[in-house]
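What follows is each chain in one-letter form.
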Amino acid sequence: MLALETIELTKNYRLGFWRNRVKRALDRLNLRVEAGEVFGLLGPNGAGKTTTLKLLFRLIFPTSGTARILGKPLDDLSVRSRVAYLPENPAFYDHLTAQEFLIYVTSLFGLPAAEQRRRPAELIDQLGLSSSRNIPLRKFSKGMIQRLGIAQALINDPDVVFLDEPMSGLDPIGRREVREVILRLKERRKTVFFSTHILSDAETLCDRVAVLNHGGLQGCGELNNILRMGVSSTELVLEGPSPEVMTELVPHVSSVIRTGERVRLEIPEESDVQRALEIILRGRTKLISVNPVKRSLEDYFLQKVGATE
Amino acid sequence: MRVATIAVHTFKESVRQKVLYNLVAFALLLIGASVLFGSISVGVEQIILITLGLTSISAFGLLIAIFIGIDLVSKEIEHRTIYNILSKPVTRMEFILGKYLGLLLTLLVNTAIMTAGFYAALFYQKRSLGLRDLVFLGAVYFILLQLAIVVGVAVVFSCISTPVLSAVYTFCIYVIGNFSAGLRAFGQGTQSALLGTVSDALYYTLPNFADFNVISQVAHSQSIPGYLWIGNSCYALLYITILLGLAILIFEEREFR
Chain A
1 MLALETIELT KNYRLGFWRN RVKRALDRLN LRVEAGEVFG LLGPNGAGKT TTLKLLFRLI
61 FPTSGTARIL GKPLDDLSVR SRVAYLPENP AFYDHLTAQE FLIYVTSLFG LPAAEQRRRP
121 AELIDQLGLS SSRNIPLRKF SKGMIQRLGI AQALINDPDV VFLDEPMSGL DPIGRREVRE
181 VILRLKERRK TVFFSTHILS DAETLCDRVA VLNHGGLQGC GELNNILRMG VSSTELVLEG
241 PSPEVMTELV PHVSSVIRTG ERVRLEIPEE SDVQRALEII LRGRTKLISV NPVKRSLEDY
301 FLQKVGATE
Chain B
1 MRVATIAVHT FKESVRQKVL YNLVAFALLL IGASVLFGSI SVGVEQIILI TLGLTSISAF
61 GLLIAIFIGI DLVSKEIEHR TIYNILSKPV TRMEFILGKY LGLLLTLLVN TAIMTAGFYA
121 ALFYQKRSLG LRDLVFLGAV YFILLQLAIV VGVAVVFSCI STPVLSAVYT FCIYVIGNFS
181 AGLRAFGQGT QSALLGTVSD ALYYTLPNFA DFNVISQVAH SQSIPGYLWI GNSCYALLYI
241 TILLGLAILI FEEREFR
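As you go down the protein sequences, you meet chains A and B in turn.
All residue numbers for the first sequence refer to the working numbering, where the first residue is 1 and numbers rise by one.
All residue numbers for the second sequence refer to the working numbering, where the first residue is 1 and numbers rise by one.
Nothing false has been slipped in among the hints.
Take a look, some chain B residues computed to stay more than 12 Å from chain A by CB distance:
1) 148
2) 190
3) 234
4) 241
5) 248
Think about it this way: if two alpha-carbon atoms lie no more than 27 Å apart in a straight line, the pair counts; the simulated BS3-like pairs of lysine-lysine are:
6) 18(B) <-> 139(A)
7) 139(A) <-> 75(B)
8) 139(A) <-> 12(B)
9) 12(B) <-> 142(A)
10) 186(A) <-> 72(A)
11) 142(A) <-> 186(A)
12) 75(B) <-> 18(B)
13) 75(B) <-> 142(A)
14) 304(A) <-> 23(A)
15) 75(B) <-> 12(B)
Incomplete in silico selection of chain A near chain B, CB under 7 Å:
16) 57
17) 77
18) 80
19) 81
20) 85
21) 91
22) 93
23) 95
24) 104
25) 107
26) 108
27) 110
If you are wondering where the hints come from, they were derived from the structure by calculation, not from laboratory data.
Nothing here was measured: the structure is a model prediction, and the numbers come from that model.
We treat Cβ as the ideally placed atom computed from N, Cα and C, and that holds for glycine.
The whole structure should be built from the sequences, with the hints applied where relevant.
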């Protein structure tokens, strides 16, 4: 079953005093997200990522097109019991404590009374907020707020989790914690749909990604396929090569970087790698490493975004 | 169930607001002071106490209704806390109803506190209370009906405007509502047909609070006519239904960019 499907989803905003200028924030988005996968929606600022998520939760309404979550239309309230949403830079009620807020959220799902007590306590412990459970939220740090946001998103044990820039503003420890949460969801075969402009996170977590820019879908595909598109070069790291060996190698390499005794060579042609290895072995040079330099998600992203600039 | 959850949450949020305590404290102070004002004029102590006391309940209740009512929806939108609520299985209608009922509960509790203060002041002055003093509860009930309508107006404006403008509009409608009969008479008394039509339109569309103010009657030991109980209750119920319906309609179409 598809966790999410958007069909020609479009959003225009009317701007200006007379509302006579039209800005297209999302242009005929067609996406399909399978159940159980981690899907990354990438794009620079203003690409339409948050617009997409807000449309899915009917915080704003589409100009045209439709979308379905778990096979149901967006205005079907029953689906909200099975999905979760974490907005970008979430805000909660300052006067409540973490426990009080989560109990409030739990009660909105109509869960049994026992669950309304158990679930918040469980999530507070899971997300490392145990020592802060009774502190008012106005005293929470950015990272704590984000973790609480994830806790409120998981309160109903959703099948599909939508996260808008979940790593935004987090320090490396916070980002690792969020990554671990997403990986745990993946292990439990939950669908995770998250938007980000931090490509390294997407590269670590996603099964598939889509790239948005200026409201339009620029590309979409499985991460493995994207990264497999051409090994751009091969990197060899040597230690203490003799001048004779270097002289033989130079015609085959595109760059040479020296760091102390170590020399990093980049060989663009795959066919030259074998020849270079023969030269190195014949010259009894110490070979530290041989690594293919793969196309990164950043390369893919810049290629797609650059095409529309 | 979700309406009740939101209502209770709204009530708990409202009672944590410091402005509420200040207003209630001032109201109780004024009620207490009315005992002293009454002693200035012999023979009318009770009338002064009742008039001032009930007017304080009305005035401070109005301030509470406006100050908290205007923020009911707009604050959630401004702080983006509304995203968390509307992404849950909560309809926009349930949200508005919950917010309204929560504030109504806040007003009920605060009015009860001020009424208790009023009766304490009355007991201090009269040295005893009897069944006849229950008539003042009727005046308080009508004050509550008025405030319930004012909160409805505040909720409508909270859905479409900023807090400051919402406060101004709500207050203006309250004032017009108390003088609507005079406004209509003014319009009908002029030569201008347009002015007459406009004043008539305002008279029939804006809330009419003329019959809700029975403070003077109860202060002069007159009973509240039976038809007013039923009439005011039905009027308030109908008007609140229309206001909430309007608020829900507006809110259903509202986008949160």
